[in-house]
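Residue numbers (my numbering), protein chains in the order written: chain A, 1 to 352; chain B, 1 to 526.
The set of hints was computed from the structure by calculation and includes no laboratory data.
Even glycine gets a Cβ: it sits at the ideal position worked out from N, Cα and C.
Any given hint could turn out to be false.
In silico DMTMM-like cross-links for lysine to aspartate or glutamate, where the CA-CA straight-line distance does not exceed 25 Å [said to hold, decoys possible]:
| id | chain 1 | residue 1 | chain 2 | residue 2 |
| --- | --- | --- | --- | --- |
| 1 | B | K303 | B | E235 |
| 2 | A | K217 | B | E142 |
| 3 | B | K384 | A | E233 |
| 4 | B | K175 | B | D155 |
Far from chain B, some chain A residues (derived; all Cβ distances over 12 Å) [as the list claims (entries may be wrong)]:
| id | residue |
| --- | --- |
| 5 | S31 |
| 6 | L199 |
| 7 | P229 |
| 8 | G272 |
| 9 | F279 |
| 10 | F293 |
Which stretches of chain A does chain B cover? Using the computed rule of at least three CB atoms under 8 Å from a CB of chain B, they are [to be verified]:
| id | stretch |
| --- | --- |
| 11 | 116-124 |
| 12 | 161-169 |
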Amino acid sequence: MPWGERAQEALIPPLVALLIALICGDLLILSYGQSPAGVYRLLLEGTWGNAYGFGQVLYKATTLAFTGLAVSFGLRAGLFNIGGESQLAAGGFAAALTGLALPVATPLIIALILCIVAAGCAGGVVGAVPAYLKTRFGAHEVIVTIMLNFIVLALLNWFIAGHLHVPETLHTPEIHAGVLPRLSDLSPTFHGSAANLALVVALFVAVAVWFYLFRAKGGYELRAVGLQPDAAEYGGISVGRVWMRALTFSGVIAGIGGINYVLGYKHYYEDGFASGAGFLGIAVALVGRNHPFGVLLAAFFFATLSQGGLAIHAFVPKQMMDVLQGVVIIAVATAVPEVRRVLRGARKMSDT
Amino acid sequence: MMAAASRLPASPPSRLPAIQMTAIDKSFGAIHANRGASLEVLSGEIHALVGENGAGKSTLMRILGGLMKPDAGRVEVNGRDVTGWSTNDAIAAGIGIVHQHFMLVPTLTVAENLVLGCEPKTRLVSLDYKRAAEDVRKLSDETGLVIAPERLVSDLSVGEAQRVEILKVLFRGAKILVLDEPTAVLSPPEVRELWSVLRGLRDNGATVVLITHRLDEVVELSDTITVMRAGQTVERIKTSETTPSEIARAMVGREVSLSAGKRVQPLARPEGPQRDQGLEARNIHVTNPRGIRVVDGVSFSIKPGEILGIAGVEGNGQTELVEALAGLRPVFSGDILIDGLDVTRRSVAARHDAGLSHIPEDRHRRGLILEYSVADNLILGVQKHFAKRGVLDQDRVMENAMEDVSAFDIRPPNPLLAARALSGGNQQKVVIAREMGRNFSVLLASQPTRGVDVGAIEFIHSQLLEARAKGKAILLVSAELNEVLALSDRIAVMYRGKFAVIMPASEASEESLGEYMIGAKKGNAA
């Protein structure tokens, strides 16, 4: 397909979905007796309009980028990883433990690398369990990843509540090695926002995922398995091995996401920090159409909605943003294939 | 077998047709499943509808049963125009379809399954089990389909489950029974039992349509035969007035006669050191998931520069044999050797490395990744040769694609196009370009010209002969008898999982192969 047509197919359907969501948003705002234009202006001012709000959007987008990339990586191999929630938590926990264990004087770069590796390994282990159970016993990854969420989160809660917490709280002591610089350290305008250099790590991971999927032999095989497992098998690709790799690395990506909160924001692991981010990653992957750069855009979009909800809270309930998120997801899931069909139909008409 | 055919009931020629379908057309996108197909079934006869996979039999029956509406054409049942009716109308009119795949609820009893949807009730709410069981027992006694109504469907054997399926449609008052491949899952004694039941139903006035591609069954059981090929009705004939080989010829067809009559000349082969070169299969057994032997003790060897053709009616184990040789299906027992190397337990990739190349029978499922570009499809299976330290060399992928596209005349000549966008013939050229382009010594070519236009067929044939001239060992499996006859050095006929015969192509003819294809004759390899 020529580039122009590919770009059309990539961009027009999500824009249509966005338009549908905006119209629904208008109706919701009107039902509260507010002016849609005023509320949207407030939303934009509170998010992209000032450095603090923008910083908060970037912070929230970072975690969503990791979980979204994780889900999309699995989906490219035809696997649905619903375990982002627990993989993210496990990654954060491992990063915090590593940070605590390292001497305070450890050079920052070494400490960071060790923490990130630990986070990735922890997420990878949580991802490898359903991968192994699927390839060895045929257990469905959706069931196993969902159930594993409960097990892993309960185990982490037990560790924190029973062994590692600072009295009166549900978090670990603060770490001093491997703390990521915040954006406000670089530019004072971001003062107070939680955005930090985990953002750079997320961008790096997105590029790495893109390179792997579309340039590496492994990615060629992974996508082949996701599209047509029978043809992949015929091509000498070991489907089981690809599944193993895809789910494990999906877990690794989600696990690394834990550093955003632990190394970048609070500097400790707190029970429940990952709550909701893993599941929202599914929506981010869906809206981002499983393309790493689409996922980045979608993460930014969902983070804007979430931060925007706080900004307009005085006028309409912030839950309206949750409703809007839902509308976006449904609009993308239904409108995108439909719009694409119409586009292709129109093109065929003009060809003949 | 002919004795069975002569035992036809004397029927007055003026008898009204129970089913009359004329000029039926039905397409699904680009696939034209029925093109002007017709079917006439007299009431009170057993009518066999035969044809190969994809000939359009099932589509025709779905239209009859109201599951689909025809694009064009006319359907009459008992003289009434019912074109485009619904499934409910069809059931009300007494049409009962017994599907190939059972549609029973395994956790319910036989009686509960039978009354599902029309349960007898006591006092508005609760189901009257006793009456249901009695009704079923009565029907079971009448028809000779013996089964205890209280048994759970999950405890039944396959043959018993089928009996329940037949009872189910009779219970709903079916007078016209359609059975789709009823014997595919049955053992020989179960088949004989089914025959006597169907004859009993016919003698009591029911009309039976039997869909099958096994000719021995057709000849044994039916009164009249309709043969379909490529969506069209090619012949309607009385069973007593035909022979199995005639039916076989009508089924397989002679249209593609490009290479008909041509025969390959044997190549001079060097003897001695190359003795164990080529492909050798020793006593291969393959079982399907239900544990039934679908390939049952097949042995052969193919020398370099030789084509062994496998003929046979589809569904006699050819697919399973090729998949087992290619490593896509486990063998139960036996040995597979490529150039003397035992690859029986090796992976697909290891067999590639040993020198195996494979043109699969289903390019849409196996041979191509339809969403991938032509260029990406041209490296499927050889992708590791295009990677350096794990990264694909895009320039070499494109270079390879440009070469193949021009050498094999793949149209349109744009390697970035998704494989989905190509015509069937050009898709097949992509598969062939890839499989011929790699380093190989043994080629499995399964239905290499299926669904391909006439020009591409000729091209593919010349490619196969060129590979043979270069000293490749080639296994050719084809449903086209002409193709097998024209290209092979030796021909084997596969019947019910075994080689019925294996003979030099010079001694084979369509007629003689036809006899083996339907199991009427058993030869040296049985």
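Run the structure past the numbered hints and jot down the numbers of the failing ones, going up. 1, 2, 4, 7, 11, 12
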